[in-house]
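For reference, the chains in residue letters:
Number of protein chains: 2
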Amino acid sequence: MTQIILGSQSPRRKELLKGAGFDFEIFSPEMDESFDDDMDVYKVPAYLAEKKGDLVYEKFGSDKIIITADTVVILENEIIGKPTDFKDAKQILQKLSGKMHEVVTGVCMQFNGKKMVFSDTTKVYFEALSQKEIDYFVDNYKPLDKAGAYAIQEWIGYIGVRRIEGCFFNVMGLPIPLVYKKLKEWSEV
Amino acid sequence: MTQIILGSQSPRRKELLKGAGFDFEIFSPEMDESFDDDMDVYKVPAYLAEKKGDLVYEKFGSDKIIITADTVVILENEIIGKPTDFKDAKQILQKLSGKMHEVVTGVCMQFNGKKMVFSDTTKVYFEALSQKEIDYFVDNYKPLDKAGAYAIQEWIGYIGVRRIEGCFFNVMGLPIPLVYKKLKEWSEV
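Listed in order, the protein sequences are those of chains A and E.
Oh and the first sequence: position 86 is 191 in our numbering, straight run, nothing missing.
Oh and the second sequence: position 57 is 162 in our numbering, straight run, nothing missing.
It cannot be assumed that every hint is accurate.
When chains are identical, the list treats them as one kind, so a pair holds in a single copy or across two.
Said to hold, decoys possible - Subject to a maximum C-alpha distance of 35 Å in a straight line, what follows is the list of computed DSBU-like cross-link-like pairs (lysine-lysine):
{"hint": "1", "residue 1": "K148", "residue 2": "K220"}
{"hint": "2", "residue 1": "K192", "residue 2": "K287"}
{"hint": "3", "residue 1": "K164", "residue 2": "K204"}
{"hint": "4", "residue 1": "K237", "residue 2": "K286"}
The hints are simulated quantities; they were obtained by calculation from the structure and are not laboratory data.
When you get a sec, could you build the whole thing from the sequences and use the hints?
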């Protein structure tokens, strides 16, 4: 079986790729995650996934399967990044409260001279959250490493996400059914 | 805080209620799960949840919050039950392959003389599954205790469920955001 390199430190991505039955190694290079302000926000995650994919390719070349990904939260055509501190996390959740936002994951997959870049979008509908709920979540779950200051598989998802449209796993950081389908074409499963 | 009784042995329901921050006890009476063939299939889970709720109520009365639930898989207006054996599990997954089905969870909540019965429906879109994938899943995950012969949070979900519309947790067996909202009205959270 061809060796797979996952270019991500995200524990959720590791869990999803492992859960789909794949063995892999991790190599996640440091990268400047800036992008042009003029860029269509929906194209940003694919752009960043490909940029990271190119860095991993420089190290491993084309005889291994390389998977990189980037996930963003988009609210009203604006990217909501990772919170800078607890106060910012609470403000982000206040913005998301009672509204629909989109989670877009861009994926870059490379193998044997081929490169595929694609994105998957999931709509997430949040209940109206009280200040008490937001404070409780941020103080206890400290979501500073998460785009949009939440994880759907944690307390705030259980109580607050009443509806999604699209791939659930995509919200966790990787549209694993799509990735699996591509991997099947490239590798004995 | 008012004591909560969960009338279910399902490990997924326990995980969801616990994940939403509630402490509870389990009491799950044996029950005849038959229903009238003429009944609208979408009404069956609420009917069974209420029937079980009434049994739990007989034991505990109205000073505790009682939560019971029943989940069914509906494909083309027909209830797909739990598989009778591995062969049946494989046949069920062949039926679900490449199609949309609905997961309906009926919930009955009782407290202090009040009773609420409601349902939540989630549409689940399965990729086309190969015979090899179906065999691998059934042989390794042995999904005999699961309606529709699958769990969305297991391998077959990771590779096969490309889209859902509705509550993800509902597919796992309990629409926890809805249950949380009702519990907040009844109990200090």
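Outcome of the hint check:
no.	hint	verdict
1	K148 x K220	within (17 Å within a copy, 49 Å between copies)
2	K192 x K287	between (40 Å within a copy, 29 Å between copies)
3	K164 x K204	neither (42 Å within a copy, 41 Å between copies)
4	K237 x K286	between (42 Å within a copy, 14 Å between copies)
The structure is inconsistent with hint 3 alone, although it conforms to all the rest.
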